[in-house]
Amino acid sequence: MSHPSAMRIFLKTIVARAYPRFVAAYRNRAWLITETLLPLVGTIAMIYVYRALHAPARFLGFVVLGGVLLAFWQNVIWAMATQFFWDRGAGNLELFAMAPTSLAAILLGMALGGAYVSLTRAATILLVASVLFGVSYSLSGLLPALGVFVLTISALYCLGMLLASLFLFYQREAWQLADAMQEPIYFLSGFYFPVRSLGAVVGGVGSLIPLTLGLDAIRQLILPGTPQFIPLSVEVLAVVAQIIAYAALSQISLRYLERQARQDARLILRST
Amino acid sequence: MDIAVETRALRRVYRSRNQEVVALDGVDLRVARGQRYGVLGPNGAGKTTMIKILVTLLLPSSGEARVDGLDVVHQFRELRHRIAMVSGGENVGFGMLKVKEQLWMFSQFYGMPSAPSKRRIGELLERLGLSEAADRRVSALSSGMRQKMNLIRGLITNPRILFLDEPTVALDVGAARDVRDEVRRWMAEDPTRTVILTTHYMMEADELCDRVAIVNRGRIVAEGTPAELKQRVQQNAIVDLQLSPGGRLLDALRAVEGVAAASVTEQDGLDRFSLQLSNDAALGGVMRVVEGSGRQIRGVQKREPTLEDAFVKLVGRGMAEEEQA
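Just so you know, the sequences run in chain order A and B. In terms of numbering that gives the first Met the number 0, the first sequence is residues 0 to 271. In terms of numbering that gives the first Met the number 0, the second sequence is residues 0 to 324.
Same shape as in the complex, but just chain A (with noise of 0.2 Å):
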């Protein structure tokens, strides 16, 4: 029997797992005021932080692009990795499972349907905050900067297949995990300030997730004056090496408990 390449599965995936996200973004636009308009302030919140401290300038661009990139993090974690937990309980993960397409597929399906919040939400907070707050930015590094972001966003993501997948397998738990993991995470990748400013052991377990180097690095572009954790070559070596590392090891990790939630009935709903 001839059926379509992998590869047509893998990308036609890709595109109608990204649908209902596109759909639910135009059909219902509450998302408007929580996905934009609440970070906004939360971001705003911690820019008055640092002027009532009487910081640097660049302190407010510190926080601006934190607020940036923190809007793609949680598109991984509650948009991406937790999904296939939602996807059980509503029959879905079955039906995904069971077609000829790859979970992997299914995953960027879900990151790329969510990207389009994620873009609205940064842009906001990148033009609002920046415009309300006059914070400027180093026009040369504006470009690398943009390829470091891109960088840092597919290492992200080939991270959040891999959280995925061990959400699959451990299911509630795994979700709670990344519940209580969400505040220790803002810290250790420096969301709100330097990560140099944690030290280098710290700062070192927080460059595990990709968004600690990247956001680092662009700092480092845009923002004159940025205190350097780790020279700019280096951090941008180590986020091609998270992404290759993180895919090679989310697509290991994606077949292996697959085959065990077939093992130990993880994928179904019912069991008799």
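Bear in mind the hints are in silico, worked out from the structure with no lab data behind them. Among the hints, a few may not be true.
A short, non-exhaustive set of chain B residues, derived as facing chain A with CB atoms under 10 Å [to be verified]:
hint	residue
1	90
2	99
3	156
4	185
5	200
6	202
7	206
8	210
Glycine included, every Cβ here is placed at the ideal spot set by N, Cα and C.
We have chain A; now place chain B onto it with these hints.
Leaving out everything else, chain B in the frame of chain A:
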């Protein structure tokens, strides 16, 4: 015989910290291509476990299963192109999507080109009387419409073997009939298509299936055409007694000489006892027991045997009783 589904000594055990549940206990099954094959049994009999193994969602603890000639454990990636599953009471998908959007989305997971997929969706919506609901949001569908949509999802990709797991559960009579009619029509289009249907509705299995396996406690207790299975109780007279509610009576009736099997169900506030009598004289003994119980007889009817009677004879009690056990 061209075999669509075959299992050998298929066993599945669920283990948790404190207990071990044997859901399937050495099931041997052979389903010929082109058949509508029913797997009939009470809730908890192991029907769904069997289906989930056959559609590659669950691994067997031991034994073998082949679907369309492919091993479900090792050749599952190729097999997934050839099968589809629709379960009763499915709430899958995304309520925000329109019906046609949701169906298109699932077709893409099989790599179908969009244009043929949309054309096929249109044809199937029309056939199942859902054309007007094509642009309605999934969340706004009634349960009957939703199940028809789920059936369409299973048919779009033109599977060689379609698995239906309690497809008409909780549907009204009309919607259930529509689902059964569509299954028949789909099978008639291509004689190589095969349907495996699990149900605990005896009438559905009787009406829809070419052959039926009766499953109880993880084992197949009988297999054959519905007519063959019913023939097993043909030598008995089947009598239904409708009695006013009262104390426990079933064991006393089973003890009457000449009563081969008995079961009870509640119907419209009355207890309906189905008795299989090996001779007509047994009816006298039954009546004496009923009179002694103080219950009032509201109806007596002699009728043809059904699959339910076959089940009672094979298992020793009715489906409802077995589910409560």
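Each hint tested on the structure:
1. For residue 90 of chain B, the interface hint holds, the least distance from its beta-carbon to any beta-carbon of chain A being 6 Å, beneath 10 Å.
2. At a threshold of 10 Å, the smallest CB-CB gap from residue 99 of chain B to chain A is about 12 Å, leaving the interface hint violated.
3. At about 9 Å, the closest approach between the beta carbon of residue 156 of chain B and any beta carbon in chain A falls short of 10 Å, and the interface hint on this residue holds.
4. Among the interface hints, the one on residue 185 of chain B is violated; its C-beta lies about 19 Å from the nearest C-beta in chain A, farther than the 10 Å criterion.
5. With a least beta-carbon distance of about 17 Å to chain A, the hint placing residue 200 of chain B at the interface is violated under the 10 Å criterion.
6. Checking residue 202 of chain B against chain A by beta carbon gives a least distance of about 22 Å; that is not within 10 Å, so the hint is violated.
7. Because the smallest distance between the Cβ of residue 206 of chain B and any Cβ of chain A comes to about 25 Å, over 10 Å, the interface hint for this residue is violated.
8. Hint status for residue 210 of chain B relative to chain A: violated, with the closest Cβ pair at about 23 Å, above 10 Å.
In this structure, the earlier hints numbered 2, 4, 5, 6, 7, 8 are contradicted, and the remaining ones agree with it.
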